[in-house]
Amino acid sequence: MSSLTTLEAGQAANARNKKRLTAFLFVVPLLVFILITFVAPIASMLWRSVHHPIVAELIPQTLSELQRWDGKSTPDRQTLQTFAVELHKLNAERLSGKLAEEFNRAYTGMSSVVKASARRVGRLSESQLQAEGAETLLKAHKNWEKPQLWFAIQRAGQVYTYDYYLTALDLEIHPEQGIQVREDTQIYVQLYTKTLNMALVITLLCALLGYPLAYYLSGLPENRANLLMVLVLLPFWTSLLVRTTAWIALLQTNGVINSFLLGIGVIGQPYEMLYTSFATVVAMTHILLPFMILPLYSVMRGIDPSYLRAAMSLGAKPLPAFARIYFPMTLPGLSAGALLVFIISVGYYITPALVGGTDGQMISNIIAFHMQRSNNWELAAALGSLLLGLILLLYWVYDRFVGASNIKLG
Amino acid sequence: MADLAGDKAFLQFTNVKKTYDHKSLVVKDFNLDVAKGEFITLLGPSGSGKTTCLMMLAGFEDVTSGEILINGRSVTSIAPYARNIGMVFQQYALFPHMTLRENLAYPLKIRKRPKDEIRAKVDEYLSLVELLDFGNRYPGQLSGGQRQRVALARALIFAPDIVLMDEPLGALDKKLREQMQFEIKRLHEQLGFTVIYVTHDQTEALTMSDRIAVFNNGIVQQCAPPHVLYERPANLFVADFIGESNKLKGVIESVGEDSVQVRLEDGGLVSTLKANCTEVGQPTTVSIRPEKLSFNDRLGGAGNQVMARFVTRHYVGEYIRYHFETADGTELVVKNMNDSSAPQLSAKEEVALAWLPQDSQALDRPVA
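Here the protein sequences come in this chain order: A and B. Numbers 6 to 415, taken from our numbering, label the letters of the first sequence in order. Numbers 66 to 433, taken from our numbering, label the letters of the second sequence in order.
What the hints contain is simulated information worked out from the structure, not anything from laboratory work. Keep in mind that this is a model prediction, so the values were computed, not measured. Just so you know, even glycine gets a beta-carbon here, dropped at the ideal spot from N, CA and C. Be careful, since some hints might not be right.
Cβ-to-Cβ under 7 Å is the rule here; a few derived chain B residues that face chain A [said to hold, decoys possible]:
no., residue
1, Tyr146
2, Phe154
3, Ala158
4, Tyr171
Restricting the straight-line Cα-Cα distance to at most 30 Å, the calculated cross-link-like pairs of lysine-lysine (DSBU-like) are [what the hints assert, rightly or not]:
no., chain 1, residue 1, chain 2, residue 2
5, B, Lys400, B, Lys312
6, B, Lys101, A, Lys322
7, B, Lys174, A, Lys322
8, A, Lys322, B, Lys186
9, B, Lys177, A, Lys322
10, B, Lys339, B, Lys312
11, B, Lys82, A, Lys322
12, A, Lys103, A, Lys120
13, B, Lys339, B, Lys239
14, A, Lys94, A, Lys151
15, B, Lys101, B, Lys174
16, A, Lys77, A, Lys94
17, B, Lys180, A, Lys322
18, B, Lys312, B, Lys93
19, A, Lys120, A, Lys77
20, B, Lys174, B, Lys93
21, B, Lys339, B, Lys357
With these hints in hand, go ahead and build the complete structure from the sequences.
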């Protein structure tokens with residue numbers, strides 16, 4: 006009899022389950038760590054990019070009154086009156102500044118209008134407020150008559166919104182025409198394109214510089230290759246800030262390169278190299294080069310020299326043999342390196358921030374700007390989520406055409 | 066089949082030397098003439114210079130001095146891709162990103178042959194190695210033996226003048242190796258190409274080759290057909306390297322036309338064939354193959370004789386190995402067929418072992 010009895014099968018299943026449980030317990034700490042430090046922040050970012058309850062919390066009654074509004078003329082007196090009461094209350098609770106910020110984001114120039122109006126409405130007594138709240142508001146600023154403003158307020162009052170994604174894609178929603186391209190400022194799409202372009206240039210440069218070096222290293226005896234590999238890795242081990250600042254010293258107007266070129270008389274005037282996209286590309290290529298060299302080198306090391314010899318014994322000249330035999334065999338390393346460099350550079354922040362100036366800024370710098378300066382976390386989250394989606398999309402395209410299984414890191 | 070008496074000048078190595086470090090020679094004065102269609106094996110321990118010779122012929126290593134001639138024309142300055150030499154590598158070196166068909170078509174594509182000719186050739190060679198149904202697979206999807214056959218077909222498909230094989234069966238298991246030896250022999254006889262085959266496996270060399278060049282320390286010790294190499298080794302190294310050898314120390318007592326008399330260290334006098342020890346008084350080693358040494362009663366008193374004590378026996382299967390020791394401690398091995406003649410011996414039993422003079426040779430004796 007070759008099959009197991011029920012009892013034996015049960016025991017085997019028990020033993021297997023026990024092993025699985027043990028294995029799972031070993032993984033639990035890492036799992037918790039990843040959940041807390043990686044999955045949770047990303048989830049919170051995605052959540053924040055669509056969830057925006059502040060305005061709804063500040064002026065709940067006005068928003069519910071606005072539901073009756075036709076959207077074409079100035080809202081009726083009752084709505085304005087409700088808003089005046091709520092503004093009065095916010096002014097007393099010192100929350101009108103927050104409302105001013107939110108309105109300003111939805112409708113440019115509203116910051117001072119809201120603050121001034123809040124002061125005027127705030128001066129009214131309780132009875133005056135009930136009697137002439139709406140009129141005081143309209144007297145305070147003519148913007149309160151504009152239906153566009155109320156449309157913007159209505160949209161800002163939505164708890165769940167995709168408006169930040171529209172902003173991040175340089176779109177806006179219009180009361181009549183619906184979604185359309187924003188007319189005044191178009192920065193984000195342009196910035197995404199620029200970021201992708203720069204990442205592409207950096208990846209290409211890394212490949213062009215890294216491939217010959219990795220090829221040379223892979224042909225050396227082990228001990229010499231290891232020594233030279235240390236030189237490749239040495240900048241990798243120095244602080245990122247040190248390396249970036251070194252580029253500032255090299256590239257600045259009175260820096261090493263300009264002084265040298267002036268000294269030998271090649272140029273008559275110093276070039277503006279620092280605070281340009283050129284500076285960003287150069288410094289980032291330098292910083293990311295090891296990410297290209299390492300996978301390339303490890304793949305090339307694994308390629309037996311007999312492949313090239315075989316090609317030559319079959320009659321191929323060195324160059325065709327390289328192109329048809331050796332190069333395809335290094336593709337797993339090349340694509341791994343390219344993917345690494347590209348994805349890292351798309352999201353790079355510190356180097357463009359330090360050497361890029363305004364010209365060399367990338368998308369992550371504008372995300373940081375919205376996090377730290379303009380305090381528009383929702384927009385920052387939307388921009389970040391789009392970047393994440395973009396990278397996943399690129400990875401998918403890459404997987405479709407190259408195959409992720411072809412990646413080889415070592 | 067190779068015509069051994071034919072023109073030997075098809076491939077020639079003349080005074081070929083090779084050094085890597087400009088201090089010591091890896092190959093010291095290599096000379097070899099190969100006839101068209103011959104199957105030559107370079108045999109030797111690792112580091113003996115045999116692979117270096119192959120690489121110089123293929124063009125992957127420079128020749129330090131000397132000449133390599135193919136059809137009387139020096140190839141030392143010709144690039145490897147222009148030499149028209151096929152090569153089978155130990156690790157196959159099949160291009161992993163190409164299917165079998167693409168692998169086989171590669172040398173023909175380089176030579177810009179017409180498309181339908183390439184297709185026909187690829188079909189022909191795939192069926193030659195019995196892999197016609199596997200043409201669209203990648204090398205990674207094949208077994209070791211199948212890959213080896215593809216490598217062989219790829220090295221042959223462009224009809225090279227010479228095919229080099231660098232330990233081509235080294236990565237296969239024993240059974241497959243024997244099968245492939247047969248396969249290579251079959252193709253060689255069928256297509257008649259010239260083969261230079263490198264191996265360190267003596268059985269492989271003996272069963273396949275027309276001639277074998279035995280290498281040691283960068284020097285060819287002997288180059289001869291397998292039976293000559295086995296039965297008439299030129300020196301002690303060859304006798305030791307090819308097969309097994311019993312070695313009795315002695316001194317040349319007298320020299321005849323074809324034979325010499327040797328006084329063994331235990332005082333006995335034996336007659337043996339003349340080899341590379343020909344001076345009276347010269348120390349020598351009498352070399353006898355274990356299967357030629359037998360129990361005295363079998364020869365009926367004819368031939369040479371030596372006394373030895375039985376030590377142990379090893380049961381191998383088709384034969385039995387008996388281990389003996391002479392009075393001065395020299396170990397002797399007798400191979401006896403596993404049949405009714407296999408004697409039963411008791412421990413330390415004193416036995417007379419005998420052999421015919423024509424089954425032994427007086428070879429050199431290295432200075433201890």
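Outcome of the hint check:
no.: 1; hint: Tyr146; verdict: holds, 5 Å
no.: 2; hint: Phe154; verdict: holds, 5 Å
no.: 3; hint: Ala158; verdict: holds, 4 Å
no.: 4; hint: Tyr171; verdict: holds, 6 Å
no.: 5; hint: Lys400/B - Lys312/B; verdict: holds, 15 Å
no.: 6; hint: Lys101/B - Lys322/A; verdict: holds, 27 Å
no.: 7; hint: Lys174/B - Lys322/A; verdict: holds, 13 Å
no.: 8; hint: Lys322/A - Lys186/B; verdict: holds, 22 Å
no.: 9; hint: Lys177/B - Lys322/A; verdict: holds, 13 Å
no.: 10; hint: Lys339/B - Lys312/B; verdict: holds, 15 Å
no.: 11; hint: Lys82/B - Lys322/A; verdict: holds, 27 Å
no.: 12; hint: Lys103/A - Lys120/A; verdict: holds, 10 Å
no.: 13; hint: Lys339/B - Lys239/B; verdict: violated, 37 Å
no.: 14; hint: Lys94/A - Lys151/A; verdict: holds, 23 Å
no.: 15; hint: Lys101/B - Lys174/B; verdict: holds, 27 Å
no.: 16; hint: Lys77/A - Lys94/A; verdict: holds, 28 Å
no.: 17; hint: Lys180/B - Lys322/A; verdict: holds, 21 Å
no.: 18; hint: Lys312/B - Lys93/B; verdict: holds, 28 Å
no.: 19; hint: Lys120/A - Lys77/A; verdict: holds, 25 Å
no.: 20; hint: Lys174/B - Lys93/B; verdict: violated, 39 Å
no.: 21; hint: Lys339/B - Lys357/B; verdict: holds, 17 Å
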